[in-house]
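Visitor: In order, the protein sequences belong to chains A and B. Heads up: the first sequence begins at 76 in this note's numbering, then just goes up one per residue. Heads up: the second sequence begins at 2 in this note's numbering, then just goes up one per residue.
It should be emphasised that the hints constitute simulated quantities derived from the structure, not laboratory data. It should be emphasised that the depicted structure is a prediction, and the values quoted were computed from it without experimental measurement. Careful, some of the hints might be misleading.
[To be verified] Here are the computed distance ranges between Cβ atoms for each label pair:
1. L283/A to A119/B: 35 to 41 Å
2. L335/A to G221/B: 44 to 50 Å
3. A78/A to E75/B: 34 to 40 Å
4. P42/B to K339/A: 31 to 37 Å
5. R136/B to K266/A: 30 to 36 Å
6. K266/A to Q6/B: 42 to 48 Å
7. A119/B to L279/A: 37 to 43 Å
8. E224/B to W111/A: 22 to 28 Å
9. K266/A to E181/B: 48 to 54 Å
10. K339/A to D278/B: 55 to 61 Å
[Claimed, not checked] Simulated coverage check for chain B against chain A, where a stretch passes if three residues somewhere in it have a Cβ under 8 Å from a Cβ of chain A:
11. 101 to 108
12. 288 to 299
[As the list claims (entries may be wrong)] If the Cβ cut is set under 7 Å, some of the chain A residues that face chain B in the computed set are:
13. P193
14. P315
15. G316
16. F345
Quick reminder that beta carbons are idealized off the backbone N, C-alpha and C, glycines included.
Here's the letter readout for the chains.
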Amino acid sequence: MAANQAFQLEETRGWRMGLRNLMRKENGEWFKTRRWWIQLLIWLVLIDGLLFFLLVGVPQAAKLAGQPITDSEAFRTAVEALFGIASMGIGLGIIIVTQDEVIGEKTSGTAAWVLSKPASRVAFYLSKLFNNGVSILILMMVIPFAIAFGLLWSKNPGMNIPGFVTAFAILVIHNFFYLSLSLMIGVFAEKRSLVLAISLAGLLGGQLMMNIVKELMYFTPFGLSSIMAGVANEGPLALPGILWLPVGITLLLSLIFVLLSIWKIQKLEF
Amino acid sequence: MVPVQSVIQTQNLSKNYGNFQALKSLNLNVPANSIVGFLGPNGAGKSTTIKLLLGLTKPTAGSGTIFGMDIVNENQDIRRRVGYLAQNPNFYEHMTARQIMDFTARFFFRGPDNLIRARIDKTLKLVGLDDKADRPVRGFSGGERQRLGIAQAQVNYPDLLILDEPAAALDPQGRRDVLEVMEKLRKHTTIFFSTHILDDVQRVSDRVIILNHGELIAQGSVEELLSASLGLNYRLVLKGDASRAQKHLQSFAWIQDVMIGHQNGKTIMTIVVKDVDLAERALLREVLSDENLIVLEFSRNKQNLEEVFLSLVEGAA
């Protein structure tokens, strides 16, 4: 290795070994390919297109049909629909986008290749969690919701801004849950289909179960979309204390998923 | 004699997958600055051994060291000094060869960027991919992927290069190129490569390790294996009656057997020896001591590694 003396050696050790390089690579997967603008376009159309239609199109259609609705009613419905559809839609999007992140690398052999280099398994997982998390946050949530906020504010400058921001924060927690779930199943499972099936069952089945057992709303992530809509319209202080419980539980479950993933990835055999 | 430093050593290294014993008490010894061919039929446990050495999987029993460091507890330090090419290497398909090399290099080096770029260019040139450096990997042929695999394994100039079937997917020219690259690297590094192509092993290896059904069945230099397994024998074509010479030769302790046959009016004598040094010095002289015999031909019968390998593997079975 005498030929390497002129180089600045990468000497990070422990769980951070290889993290910097893996982060750079994962970031490149999003922002140095066309992936970023495709995702951004999808979510701008879905979230802001839908909101524009609800704020502008629906009142006009109602007026033409001879059943006019008030601006306040239209606004309320638009906010409820925005958070309802965004939580389900982005949750679904996250599962689809991340379902192959870990299992794809496990089955193709790229994970074994990367981990044969000076890279820790924890760094491998965290680089995926962090970069997917941040990219999803920016492209699927922050930018579309900043535009959505602009649209809502232009329609109603007196809107409940703390409520909107709090609802957005709950949306972030809700989506972090599905991100950590999808990655965790990728770490544990051996088949791609299993990752998709379990994550989707969590998202769609959870909603279905909540329609049958209403009490699930108080201690599972499945009721968060209804809570978001309420908070966005009424403000965070209007939310009964008990409804903060599922928010806390969702955050706690997400952290448990992360810890389980970190534990399991260190036991995997490649 | 100065002891040869071992790069890889394992002690009773074993790996079970459920009830299946993939590796049974393997005791390996790979000396520094050697090229070691790791031979065995499919499913013999070669890839399992390599994965154990790299820390990609954990042993069920036994232990091992690389550069004196424990393969389980000091694996991070080991991987800084090792280059690895997987069997059927897979890379991120959207990346170009240069990006793959850069990604690999930055696990080892923080900078400077110009030196990293120069190292990448030099390594890609070494494997003949310099003209394809900016093409995405998804368009690469099997041979090009294999060469990229060797390049990325070599980018940090490792002290130990572990190659899992480096020539398996290559055409004869590609194989020759890979073997030439290995020959070039011999000066700087120890190379441990698994293969089932016996010609390649015989061509470049200093030592051979043969594995079958997870068990070590032979380990040594190519010469040692060729000598030890089938015995060394010499062939003489003679004119005249060889029976007296046969009796004379059989009286020596270093001669195991003397067989006589006839072909086209000539006598064919096959002599199996126990000591090759003595045979080389004295055998022909002893035969010529019978003045009635005329020696037309004298040669040492050479077995190739394939015969040795098959006899060992089939013998073990």
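Visitor: Does each hint hold? Answer for all of them.
Guide: Okay, the hints, checked on the actual structure:
no.	hint	result
1	L283/A to A119/B: 35 to 41 Å	violated, 59 Å
2	L335/A to G221/B: 44 to 50 Å	holds, 48 Å
3	A78/A to E75/B: 34 to 40 Å	violated, 23 Å
4	P42/B to K339/A: 31 to 37 Å	holds, 34 Å
5	R136/B to K266/A: 30 to 36 Å	holds, 32 Å
6	K266/A to Q6/B: 42 to 48 Å	holds, 45 Å
7	A119/B to L279/A: 37 to 43 Å	violated, 53 Å
8	E224/B to W111/A: 22 to 28 Å	violated, 60 Å
9	K266/A to E181/B: 48 to 54 Å	violated, 42 Å
10	K339/A to D278/B: 55 to 61 Å	holds, 59 Å
11	101 to 108	holds (count 4)
12	288 to 299	violated (count 0)
13	P193	holds, 5 Å
14	P315	violated, 49 Å
15	G316	violated, 48 Å
16	F345	holds, 4 Å
The structure shown violates the earlier hints numbered 1, 3, 7, 8, 9, 12, 14 and 15.
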